[in-house]
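With chain L held as given, fit chain V onto it using these hints.
Protein chains: 2
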Amino acid sequence: MNMIQTLSQLVNCLRSRGIRRKVAVVCPNDPHTEYVIIRSLREEIAEYLLVTDSAHLDVAWHLWSASPDFIRIYEVATPDDAAALAVQLVRTGEADILMKGLINTDNLLRAVLKKGVGLLPEGGVLSHVAVAQVPLYHKLLFFSDAAVIPRPTLEQFRAMIMNDISVCRKFGNDEPRVALIHCTEKINEKFPHTLSYAALKQEAAEGKFGRMFIDGPMDAKTACDKHSGDIKGLSSPVVGNADILIFPNIESGNTFYKTLSLFGDANMAGMLTGTIAPVVVPSRSDSGNSKYYSLALACLAGNQQDQ
Amino acid sequence: MNMIQTLSQLVNCLRSRGIRRKVAVVCPNDPHTEYVIIRSLREEIAEYLLVTDSAHLDVAWHLWSASPDFIRIYEVATPDDAAALAVQLVRTGEADILMKGLINTDNLLRAVLKKGVGLLPEGGVLSHVAVAQVPLYHKLLFFSDAAVIPRPTLEQFRAMIMNDISVCRKFGNDEPRVALIHCTEKINEKFPHTLSYAALKQEAAEGKFGRMFIDGPMDAKTACDKHSGDIKGLSSPVVGNADILIFPNIESGNTFYKTLSLFGDANMAGMLTGTIAPVVVPSRSDSGNSKYYSLALACLAGNQQDQ
Chain L
55 MNMIQTLSQL VNCLRSRGIR RKVAVVCPND PHTEYVIIRS LREEIAEYLL
105 VTDSAHLDVA WHLWSASPDF IRIYEVATPD DAAALAVQLV RTGEADILMK
155 GLINTDNLLR AVLKKGVGLL PEGGVLSHVA VAQVPLYHKL LFFSDAAVIP
205 RPTLEQFRAM IMNDISVCRK FGNDEPRVAL IHCTEKINEK FPHTLSYAAL
255 KQEAAEGKFG RMFIDGPMDA KTACDKHSGD IKGLSSPVVG NADILIFPNI
305 ESGNTFYKTL SLFGDANMAG MLTGTIAPVV VPSRSDSGNS KYYSLALACL
355 AGNQQDQ
Chain V
55 MNMIQTLSQL VNCLRSRGIR RKVAVVCPND PHTEYVIIRS LREEIAEYLL
105 VTDSAHLDVA WHLWSASPDF IRIYEVATPD DAAALAVQLV RTGEADILMK
155 GLINTDNLLR AVLKKGVGLL PEGGVLSHVA VAQVPLYHKL LFFSDAAVIP
205 RPTLEQFRAM IMNDISVCRK FGNDEPRVAL IHCTEKINEK FPHTLSYAAL
255 KQEAAEGKFG RMFIDGPMDA KTACDKHSGD IKGLSSPVVG NADILIFPNI
305 ESGNTFYKTL SLFGDANMAG MLTGTIAPVV VPSRSDSGNS KYYSLALACL
355 AGNQQDQ
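Order-wise, the sequence lines are chains L and V.
The first sequence begins at 55 in my numbering and counts up one residue at a time.
The second sequence begins at 55 in my numbering and counts up one residue at a time.
Bound-form chain L, shown alone (with noise of 0.2 Å):
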């Protein structure tokens, strides 16, 4: 397979290969969420199952009357049933994908992580992934966690890796190379988390993680800049080259996040994963494009049969 290299070849290949996935929204009923749909049914990446409160049943059959073909509606009474019941089609296979609309992403979490009728397989982790376009980059940035793991453990920091690894495998690179970011490069037990780093760094020697490379601590300049890596003398198939970083807690896994789409003219996607099927949370204040690549990407991400 070609390497995926920037976001519009995500959505070029899904086409060029036919996929198109079934995708449960929960309360399509907000401007950005209809964008979305509207888009995806345009490019033919996807058909939908709306679940909508009965307050908003108009909504969804505007929608409807666009593209009826690919799209059926559900009708329950509240928010939370609707994300109850989408989170239900995702488990019975009805769904490829979960989406969020205008629903609190408390409450939604909530459904999905619902032990026994979640989607969080038992013992799993649920971890966000973000993919950047960055104009100043090389190649596509993968990184982890923006957005929903506050602290990560060892453990969470093992399943984020495995996440993000199988996503950059989806866009063809067998390979990834893995930044563990820290402000230096010492490892320093007053940072537990580049005690962590050590471990991981470890495991994959072990080969728990498969083909790879892993570096770090290392600090995000150092891990994209071969330059910065010189001036401080490190070398290795990381520093400079990073595919995938993994951020020490979610502030900074956040600010990177934030920095870059706004700063950076990047154009960003993201989804959780760890799931039984990939779940699209888009943030409130991402583009339009963003919202769409977000989507895109838990389509090439497919479902766990794929995995």
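Hints were generated in silico from the structure; no laboratory data involved.
Watch out, some of these pointers could steer you wrong.
[Claimed, not checked] In the DSSO-like style, the derived pairs of lysine-lysine whose C-alpha atoms are separated by at most 30 Å in a straight line are:
(1) Lys286/V with Lys168/L
(2) Lys244/L with Lys193/V
(3) Lys169/L with Lys240/V
(4) Lys255/V with Lys193/V
(5) Lys255/V with Lys240/V
(6) Lys224/V with Lys286/V
(7) Lys168/V with Lys286/L
(8) Lys169/L with Lys262/L
(9) Lys224/V with Lys168/V
(10) Lys244/L with Lys76/V
(11) Lys169/V with Lys240/L
(12) Lys240/L with Lys262/L
(13) Lys168/L with Lys244/V
(14) Lys240/L with Lys168/V
(15) Lys244/L with Lys280/V
(16) Lys286/V with Lys244/L
(17) Lys169/L with Lys244/V
(18) Lys244/V with Lys240/L
(19) Lys168/L with Lys240/V
(20) Lys244/L with Lys224/L
Quantities reported herein were computed from a predicted structural model and do not represent experimental measurements.
Frame of chain L; chain V shown alone:
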């Protein structure tokens, strides 16, 4: 005073006001430090007290030969001796600024922080302030802490804000807008810094920080992009228009610094404050321009007597 709106205006301002500082340099024997010294001598914003170990005396004399009227040389046995003497030159008022050359940062900071003979007043808080000139932002952006304080306590947050406001005022901004950064807008005891933020806003309302605006928690994009604030229904003098960003921990502050400088195509400057005189500690991977602007920033900040 007119507002200084770019880093090159900062240099012009020093020149037009005839500000020329005395800078004590610890081990000026690496190409980056030499570059800053030569450029600042040419632009007449600094003169130098070069404190060098015997092994590198030749470099100091080489610099001296280019500008003998504005350079004095002090020879000592080791880099640690150089740090101790340079700190003493600042304490006695013979120098206005301390600048790092080729010495380990930890060793330099040990001399700076040494009780009774260092540069930190009793009860003072050392913090790092950075200034970024970002093509996609409409003004200079000040932020802390990318380099020194791992997890600020309430007291350290307070000092960071005071230090940053003081620097902002030197740039002619009399009413700076301070954003307290987190990944959401919620105050949540699981994230102790958000509790500190609530306390800081209360203190600001009581006038503790003088004329200024403060708001948060909010993410970095909401702080600097009015559109993101609008989407979230947030509006304040700070949202979308921040002058100062206060980060919750060193990993997020450092990530912001590195991401702006690499992917935001930004020019950066930075220094340590809270000491009786500014301390210039350029990051190894900073560009020559950033290192020079860091010195210029310290020259503007001046010594304690000006403050």
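Evaluated hints:
1. Lys286/V with Lys168/L: holds (28 Å)
2. Lys244/L with Lys193/V: Status violated; Cα separation ~36 Å.
3. Lys169/L with Lys240/V: Roughly 26 Å between the alpha carbons, so the hint for lysine 169/L and lysine 240/V holds.
4. Lys255/V with Lys193/V: holds (24 Å)
5. Lys255/V with Lys240/V: This hinted pair holds, its Cα atoms lying about 14 Å apart.
6. Lys224/V with Lys286/V: This hinted pair is violated, its Cα atoms lying about 33 Å apart.
7. Lys168/V with Lys286/L: holds (27 Å)
8. Lys169/L with Lys262/L: holds (28 Å)
9. Lys224/V with Lys168/V: Holds, at about 28 Å.
10. Lys244/L with Lys76/V: violated (37 Å)
11. Lys169/V with Lys240/L: holds (26 Å)
12. Lys240/L with Lys262/L: Given pair lysine 240/L, lysine 262/L holds - Cα atoms ~24 Å apart, limit 30 Å.
13. Lys168/L with Lys244/V: Status holds; Cα separation ~21 Å.
14. Lys240/L with Lys168/V: Roughly 23 Å separates the two Cα atoms, so the pair holds.
15. Lys244/L with Lys280/V: violated (37 Å)
16. Lys286/V with Lys244/L: Roughly 36 Å separates the two Cα atoms, so the pair is violated.
17. Lys169/L with Lys244/V: Holds. Lysine 169/L to lysine 244/V sits at ~23 Å (cutoff 30 Å).
18. Lys244/V with Lys240/L: Since the Cα atoms of lysine 244/V and lysine 240/L sit roughly 27 Å apart, the hinted pair holds (cutoff 30 Å).
19. Lys168/L with Lys240/V: holds (23 Å)
20. Lys244/L with Lys224/L: violated (37 Å)
Checked against the numbered hints listed earlier, the structure breaks hints 2, 6, 10, 15, 16 and 20; every other hint is satisfied.
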